[in-house]
Structure formats: C-alpha cells, structure tokens
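Peer 1: Here are the chains, one letter per residue:
There are 2 protein chains.
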Amino acid sequence: MKLKQVCAGIDIGGTNCHIGICSIEGTVLASTVMPTAMFPDAKAFAKAASQWLKETAMRERLEIVTAGIGAPNGNYYTGNIEYAPNLEWKGIVPLAEEFKSASGIDEAVITNDANAAAIGEQYYGGAKGLDNFAVITLGTGVGGGFIVNGKMFYGADGMAGEFGHMTVVNEGRLCGCGRKGCVEAYASASGLIRTAQELLEKPEAENSALKKINPAQLTCPDIFEAARYGDDTACAAIDQTAIYLAEALVNMTALLSPSHIFLYGGLARAGDVLMVPLKYHFKQRMLKHHRGRIELGVSLLPENAAIIGAAALGWSEFGKHEFVED
Amino acid sequence: MKLKQVCAGIDIGGTNCHIGICSIEGTVLASTVMPTAMFPDAKAFAKAASQWLKETAMRERLEIVTAGIGAPNGNYYTGNIEYAPNLEWKGIVPLAEEFKSASGIDEAVITNDANAAAIGEQYYGGAKGLDNFAVITLGTGVGGGFIVNGKMFYGADGMAGEFGHMTVVNEGRLCGCGRKGCVEAYASASGLIRTAQELLEKPEAENSALKKINPAQLTCPDIFEAARYGDDTACAAIDQTAIYLAEALVNMTALLSPSHIFLYGGLARAGDVLMVPLKYHFKQRMLKHHRGRIELGVSLLPENAAIIGAAALGWSEFGKHEFVED
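So the sequence lines, in the order shown, correspond to chains H and B. So the first sequence is numbered by this note's numbering: it starts at 1 and just counts up by one. So the second sequence is numbered by this note's numbering: it starts at 1 and just counts up by one.
Take these hints with a grain of salt, some might be off.
Identical chains blur together in the list; that is why a pair holds if it fits in one copy or across any two.
With a straight-line cut-off of 20 angstroms between C-alpha atoms, the simulated SDA-like cross-links for lysine to any residue are [said to hold, decoys possible]: (1) Lys288 with Pro94; (2) Lys180 with Val169; (3) Lys90 with Gly176; (4) Lys212 with Gly297; (5) Lys2 with Ala37; (6) Lys2 with Phe39; (7) Lys100 with Glu63; (8) Lys180 with Lys283; (9) Lys212 with Asn86; (10) Lys128 with Asp157; (11) Lys180 with Asp222; (12) Lys4 with Ala37; (13) Lys180 with Arg285.
In short, the hints are calculated from the structure, not lab data.
Isolated chain H, as found in the complex:
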C-alpha cells in the first residue's frame, strides 16, 4: 500500500513548540506540543521533534516528504534562527540543518512565524488568490509576513517583514530588540497589559473593574472582558494600543500598498473590542489614496494555524502544491 504523502509543520514559540503532520489540503492529521524550555539547544529539539514525527508517521501510515518550520527570526535563505530575542537558543542557530540531519527529511525550510502565517493564509485562509497582502501577528511578539506579487517576500537577506520593530513612539518603551518605541512594545500581549497597568495607576482609574485584579496577574482576556462591559480604563488601554498599531499599519501600507491586511494571533482573536477602534484609527490616519482600498480584518486560519502555516511553507517548497479551493 502506498503511504499518503504529508508535510511536517513545526512552529517554534518562546513558550511552546507545536509539531504537526499536515495533508496537502491543510488538514492537521496529528499534532503535539513540547515546552521550548525542555530543550537546551536546537539539536536537542530537532532530535525530539524528529522522534515524534517518525513514530507518528509510522503508526498512521504516512510518508513525510517535506517540512516547514516557523520560528522567531527564522531566516529562509540560511536556514538559521538569527538572534531571536524571545528564545533561549542564542545567536545564530542552524535549525534547518539540525532538523534535516535528525529527521532524514531532505526538504526542510525555515522562516519566521509571521511569514509562515502569511503562506498559510494564502494557501488555506482568507488570502486565496490575493497577490499583495500582509499578515500581522499579534501575540507574545508582533510580526509581519508579506506576500508581494504573489510570492512570499524575504528581502535581500531572508529577514524582511519585521513589522514589530517599526518605531511608533519617539524614545518610547524599551523593546526586546534593544531599540526604543517599537510597535511590539505596545501592541503585543505584554504591551497591552503594560499600558493597562500604567493607566490603572492614575486616579481616574479608581472605579475600574480591573482594580480588583492583582496588577501583576492582569491578562489580555481580563482587559478585553472589562472593555466589553464598558470599563473606561480597559477601553482606554485598548484604544491606545489601537492607535499605535494603526500608526504602524499606516506606515507599512504607505510603503507596501497591500490590498488586504490579516491580523493573526491572540490579540486578533479579541474581536470587535479591538477591531472597531483599530479600524477607526487606521482609517483616520491612512493616506488619502489608500482610503477605501485596503481591507483590514482577522485571519481566517483555524485554531492550529501555526502548524498549518509552517506546513504550507513546506508544501510551497515541495513544489507540488496546487491551489486548494474549498
């Protein structure tokens, strides 16, 4: 019996690594999660991931023919993770090579998680048939993946799309990258929490429902929930986040003129409570010739999108992918 050909999709995060096996139709056939901190280096991770993939493929009678890896600061050209501030694996980490040698899968490509999300959106999400669009990831960090003239855009060095490190505040908050005022320091989960914490220290926040929560334990869902009930401080924190994110989106659209922008990740799933103010500020600030031309919405990828995105990268490289319509 001929084995079904599948793709390994791996998403490396600061907290967890998601590993999955994906069909060409974009279905995740099996998946697992491993805490990133379990692995002192990329070699140890590559070994464990390969082990799981081999065992699962054998059990499910699958043949893994290609692999895609999404990782912070993943460089498509070199196959390395390069100076990822949110990872314990420091400096230049040759992850694609480590994975190829541990797994025996010859086709293994890496890119950053936002690029993987963009390819996933193009293959399996809301961007089917679009040639110029952006995916912005809003999670622990903030990232960007850009499809330009129908293709993933890597730039001269494989590192294009660092949307999170566009400056939005002069001499603003210190960012993990070492610079100041990056949009990541405001529109990431921790950025929103910090904004709310700062506002909660002001006298006008006296009656905020968020006051009942230990500030050190405040979460984004707390803030979104309070805002849905009309809490002024929560709404103000979200509005300020929306302003900075809109500012960065406008700067990005000035340069790239995408037709669509898809927001992806934890904050994007908050729904109207973030999207309504964000769309307002984006429209207010955008260049005149962009008005009415750019659609801003939420990613249509399903829950396990990180694996699907990484797998789409693998399939795109495998060169066998035909455009999949629902």
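Start from chain H and add chain B according to the hints.
Peer 2: Frame of chain H; chain B shown alone:
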C-alpha cells in the same frame, strides 16, 4: 535611412517639467525644461510636451517608440496622477491617456518620480544586477522606489513606496499629505530649512554664520556650506534631519531588508556633511541582524537622472531593454 529608436523621458515636478529623448544606452540625446505653472491642466502640458518631442525627433531623425513619465503620485496601474499635494493639477489626472492621445505614442507609462529613479538606478546607475534595493528621493518632497525580487514594486494599487509619508515624529509637523510627523516634513529641503530656522531662534545660535542670512531666504546649500565650516547650528540642523531620516530608513529596512539604499536628489548631493551623520544614526538604530548587511550610499545616476529614470521606465515597458553594462 532607418531612424534610431529612442524613448521619451518626462519628469513632472512641482516647479519644472523636464522632457528628454533618451537612447537605450541611457544617453540623453536632447532635453528641455518647461515650468509646470505654465500649464493649467495635464492636457495642456501633454500637448506642449508632444509638440516639442515631435519637432525634436523629426529634426534629429529619431523615432520615439516608447515613453516613460515620472510624476508625483503617478499610478502605474491606472496611468493617473492621484491627489498630488505638490501639483496644481488636482484630484485624479489621467496624464498617460492625455499624453498618448496628444503624442500618438502608444506605449506611455507613468509612475511616481521615485519609482522612475529606482528603475533608472537599476538600468543605468549603481544598482545594476541588484534584486532588492531602495531608492530614496530627497528633494522638494521625500519619496521611495523599491525593486523587490528584481522587479519594480507597485503594490496592490500601483501606489507602493510612499516612504516620505512614514511617520517619524508623534504629533509632529503638519505634512502636505494632511497627516502629522511624516519624514517628508523633516528630511525634504523645506524640512531641513525649517529645522535650521527653528534652531536659529534659540539663544545658543547667537554666533551662527547663518544669522547673517535673512531666515526667509535660507537655503539648503547655505546650511551645508556653514556646516562644512563647522557652524554648530548648521551641524545641529543636519544632525536632527539625519536622525529622523535614519529612523524612517530603519523602519523601512525592518520591513523590506534591501541590500542597498541609494539616496537621490538635492539633499543627497550634499555629500559627507549629510552622509556621515546619516550613516552613523542609521547604524546606531538598525536591527541587529541588519548590521553590516545594508549599504547606504548616494545614487550613481548622472545630472539629468530624472529624464533617464523616466526613460528607463519607458524602455522597461517597451520590453526591448537588454541589461546595459558600461
């Protein structure tokens, strides 16, 4: 006798329109200048330009086979100038159509002046053989043209590359586009002059050589000249300009990861007096993984670069252009 095939290159500026005839090798065979204010609308300009081109081509025994037009807010896809703040021709102006019908030249394409400069740089300047680079124009306005994966990047709507309208100062100077704090409001000729004027009003500028000039008549060459003699106020004005420009360049490189950035236009010709502080601030601010990877320098296009750039656009469209080596 067979006529030599040539391209019309037209550059529309806020003050002057440059019209030329250019060989495929990038030599300007004839050129003229017409003040933009002479023409109440694009139709009148198209008629006058066509007239000059026809007479000149006939006299010089040339056949104009294609035409490229660089214009502020020129949209490659539509052939229109769209809401150009620095032009008297308001709203949406169908210049390519007007020009085709007045001149009888079937192949006439339009793009913004910075995109034309980028194509010129790729064909005839310092970017031969480069696949990912940026040209930033520093003149009356500030613009950007991006070659991505070897091709001019127009975005979804033909308007990509609006580098000048990236915000660099929160709630900063009002820009011609109606927004606040755009890099154009700081790193254009008038932006630099305004910065110097503001600094000259401070007590510490008391001994500045620039104090001898009527502030309303201050020019960029005055400021550069004073800085070359070590004038503190002039140096401070240039340094501040360099900081804002560097900030926008870093944001752009975060997104686009070009291998080279070429500066073009009046300010770029100032030389070391601007380039030394600019390179310093750019290096200080850039993302870690970009260090040592991005070359920042001045355009290698000659004097009449605007015509050459527009003509390169025409040739690129004509599809006959072979890569020209010196």
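Peer 1: Take the hints in turn and mark each one as holding or not.
Peer 2: Hints and how they fare:
no. : hint               : in the structure
1   : Lys288 with Pro94  : between (44 angstroms within a copy, 18 angstroms between copies)
2   : Lys180 with Val169 : both (8 angstroms within a copy, 13 angstroms between copies)
3   : Lys90 with Gly176  : within (13 angstroms within a copy, 45 angstroms between copies)
4   : Lys212 with Gly297 : neither (33 angstroms within a copy, 56 angstroms between copies)
5   : Lys2 with Ala37    : neither (38 angstroms within a copy, 74 angstroms between copies)
6   : Lys2 with Phe39    : neither (35 angstroms within a copy, 73 angstroms between copies)
7   : Lys100 with Glu63  : within (15 angstroms within a copy, 58 angstroms between copies)
8   : Lys180 with Lys283 : between (26 angstroms within a copy, 15 angstroms between copies)
9   : Lys212 with Asn86  : neither (30 angstroms within a copy, 54 angstroms between copies)
10  : Lys128 with Asp157 : between (26 angstroms within a copy, 18 angstroms between copies)
11  : Lys180 with Asp222 : neither (27 angstroms within a copy, 34 angstroms between copies)
12  : Lys4 with Ala37    : neither (33 angstroms within a copy, 69 angstroms between copies)
13  : Lys180 with Arg285 : between (22 angstroms within a copy, 9 angstroms between copies)
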